[in-house]
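*Asks:* The chain contents come next:
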Amino acid sequence: MQEAMIAKAKAMLADGTVDRVIGWKRGEFWYDITPAVFETAEEIDRDLVFDDFTAANVSKYLIKECVKGGGRILVFLKPCDTYSFNQLLKEHRIDRGMIYVVGIECYGKIDPDKIRNRGITGVKSAVNDCGTLKIETVYGTETMPAYEVMAERCLSCKSKKHVVYDELIGEDGEVTDSDRFDMVEKLENMTAQERFDFWRGELSKCIRCNACRDVCPACTCEHCVFDNDKSGIANKAPFSDFEENNFHIIRAFHVAGRCTDCGECSRVCPQNIPLHLLNRKFIKDINSLYGEYQAGADTDSRAPLTDYTQDDCEPSVVHERGVE
Amino acid sequence: MQVNENKEFEPVIVAFCCNWCSYAGADLSGTNRLNYPANVKIIRVPCSCRVNPMFILRAFQRGADGVIICGCHPGDCHYTSGNYYARRRMTLLFSMLDFLGIERDRTRVEWVSAAEGAKFAATMNEFTEAVRALGPNRRLEDLRCRKQ
Numbered sequence: 000m001q002e003a004m005i006a007k008a009k010a011m012l013a014d015g016t017v018d019r020v021i022g023w024k025r026g027e028f029w030y031d032i033t034p035a036v037f038e039t040a041e042e043i044d045r046d047l048v049f050d051d052f053t054a055a056n057v058s059k060y061l062i063k064e065c066v067k068g069g070g071r072i073l074v075f076l077k078p079c080d081t082y083s084f085n086q087l088l089k090e091h092r093i094d095r096g097m098i099y100v101v102g103i104e105c106y107g108k109i110d111p112d113k114i115r116n117r118g119i120t121g122v123k124s125a126v127n128d129c130g131t132l133k134i135e136t137v138y139g140t141e142t143m144p145a146y147e148v149m150a151e152r153c154l155s156c157k158s159k160k161h162v163v164y165d166e167l168i169g170e171d172g173e174v175t176d177s178d179r180f181d182m183v184e185k186l187e188n189m190t191a192q193e194r195f196d197f198w199r200g201e202l203s204k205c206i207r208c209n210a211c212r213d214v215c216p217a218c219t220c221e222h223c224v225f226d227n228d229k230s231g232i233a234n235k236a237p238f239s240d241f242e243e244n245n246f247h248i249i250r251a252f253h254v255a256g257r258c259t260d261c262g263e264c265s266r267v268c269p270q271n272i273p274l275h276l277l278n279r280k281f282i283k284d285i286n287s288l289y290g291e292y293q294a295g296a297d298t299d300s301r302a303p304l305t306d307y308t309q310d311d312c313e314p315s316v317v318h319e320r321g322v323e
Numbered sequence: 000m001q002v003n004e005n006k007e008f009e010p011v012i013v014a015f016c017c018n019w020c021s022y023a024g025a026d027l028s029g030t031n032r033l034n035y036p037a038n039v040k041i042i043r044v045p046c047s048c049r050v051n052p053m054f055i056l057r058a059f060q061r062g063a064d065g066v067i068i069c070g071c072h073p074g075d076c077h078y079t080s081g082n083y084y085a086r087r088r089m090t091l092l093f094s095m096l097d098f099l100g101i102e103r104d105r106t107r108v109e110w111v112s113a114a115e116g117a118k119f120a121a122t123m124n125e126f127t128e129a130v131r132a133l134g135p136n137r138r139l140e141d142l143r144c145r146k147q
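Taken in order, these protein sequences are the chains called C and W. Just so you know, numbering that gives the first Met the number 0 puts 297 at position 298 of the first sequence, and the rest follows in order with no gaps. Just so you know, numbering that gives the first Met the number 0 puts 66 at position 67 of the second sequence, and the rest follows in order with no gaps.
Honestly, the hints are just simulated from the structure, not real lab data. Each residue gets a CB set at the ideal place from its N, CA and C atoms; glycine is no exception. Check each hint, because a few of them may be wrong.
As a list, the in silico DSBU-like pairs of lysine-lysine whose alpha-carbon atoms are at most 35 angstroms apart [as the list claims (entries may be wrong)]:
{"no.": "1", "chain 1": "C", "residue 1": "Lys229", "chain 2": "C", "residue 2": "Lys123"}
{"no.": "2", "chain 1": "C", "residue 1": "Lys24", "chain 2": "C", "residue 2": "Lys9"}
{"no.": "3", "chain 1": "C", "residue 1": "Lys67", "chain 2": "C", "residue 2": "Lys7"}
{"no.": "4", "chain 1": "C", "residue 1": "Lys9", "chain 2": "C", "residue 2": "Lys123"}
{"no.": "5", "chain 1": "W", "residue 1": "Lys118", "chain 2": "C", "residue 2": "Lys229"}
{"no.": "6", "chain 1": "C", "residue 1": "Lys283", "chain 2": "W", "residue 2": "Lys6"}
Now the stretches of chain C that chain W is said to cover, found in silico as 3 or more residues with beta-carbon under 8 angstroms [stated by the list, open to error]:
{"no.": "7", "region": "115 to 129"}
{"no.": "8", "region": "249 to 257"}
{"no.": "9", "region": "271 to 282"}
{"no.": "10", "region": "285 to 297"}
{"no.": "11", "region": "307 to 315"}
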């Protein structure tokens, strides 16, 4: 896969179809793979990687690259990234004419934290061989089934189908019938006090690093409401949970109906807060109250929050259902 | 003016009222000499869909114990469709607050027309009592904003 991608990128750079390539390169550590923009064949040969740890969704990087102008851009997108891509197109944040999309196959990505949590240290490299992960450490070799250390979001993958591409490397998959709302349902069945305790416990870990916002492909405002210098937020340690609580409610609401459930927010969270559950709650509500809707599945349907019908349910449905 | 000496809990209710219906409805209930509690602080908005979800969170942050949004009956919006959007937005927001464990009875949406002064007064009486029964808002308050 990686070889095919490198060959493709170099060929397109060489014949001048594109002048930039967006992909992934290694960061400081072996598992620490970061999105990157390549401009020359040498860079691509040296740095471009694609393996089980290239989890980042690079579609958001297109906004900046499109604003820069210049020639066309080659971008590698995994199936779930294509949903974000479509959503950005729909919101006119990127210019389709400037972009050449190469869809790449994905079988799910490995979560390095899960490997670490198993007490495996001194890792040099990890190779996925048909579902078995072989990890080379300084102490020897460990093997385990890949799904045991797969990222949570990949275990409940919503789709292996590319919704948009110019060319595919590998096979196109199917939209999967995932059980991604299980945890949301479990929380819904708790009492209000239990839910409150759960969320206060999770959200009070927040250090307001804004990583979730920075990585989110739906968070693309040029001036973010949280970047207010006068708010004083950066000057002091938080001493009540309110700020974090509200930050996450506001952020989740802001992307409601536009969130494609790519799960990047939870992936990048240094405190491992399950932020995707907030977004999934909105998706679940939208699906059950206003009809099935998958953001990014197409570019012409109306988003649920910019649409209405005369027979929508009343807000009192919230008060009438389930446990208090 | 009565001074509340035994420090009994008095809820603070913020009511966002649409200029074209419930705000006039509140006026009507006043001219009809109908009573509704002084706990209710009315904020006039041009349409119920002017109410940004952040307004509601901000009200709770600044010490409100309950927030009610009053707009025109569906189909009667002065701007044709504003309240339909507000309806979806508020449904989702209330559902999220409920999901986070905030007491669901602290928020409400009520459709009150300009002719329904009696309904306005009745709604406010009922809502204030419901919030009074819940007690002070502790789950969404900001300690920095609490009055000394």
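*Asks:* Next, verify each hint and record whether it holds.
*Replies:* Against the structure, the hints come out as follows:
1. Lys229(C) to Lys123(C): violated (46 angstroms)
2. Lys24(C) to Lys9(C): Distance ~15 angstroms between lysine 24(C) and lysine 9(C) Cα, so the pair holds.
3. Lys67(C) to Lys7(C): This hinted pair holds, its Cα atoms lying about 23 angstroms apart.
4. Lys9(C) to Lys123(C): Holds. Lysine 9(C) to lysine 123(C) sits at ~28 angstroms (cutoff 35 angstroms).
5. Lys118(W) to Lys229(C): Violated, at about 42 angstroms.
6. Lys283(C) to Lys6(W): Between lysine 283(C) and lysine 6(W) the Cα gap is close to 43 angstroms, so the pair fails against 35 angstroms, i.e. violated.
7. 115 to 129: violated (count 0)
8. 249 to 257: As far as the region 249 to 257 of chain C goes, the hint holds, because 4 residues have Cβ atoms under 8 angstroms from chain W.
9. 271 to 282: It holds: at least three residues are needed, and the region 271 to 282 of chain C offers 3 whose Cβ sits within less than 8 angstroms of chain W.
10. 285 to 297: Holds, because 3 residues of the region 285 to 297 of chain C bring their Cβ atoms closer than 8 angstroms to Cβ atoms of chain W.
11. 307 to 315: holds (count 8)
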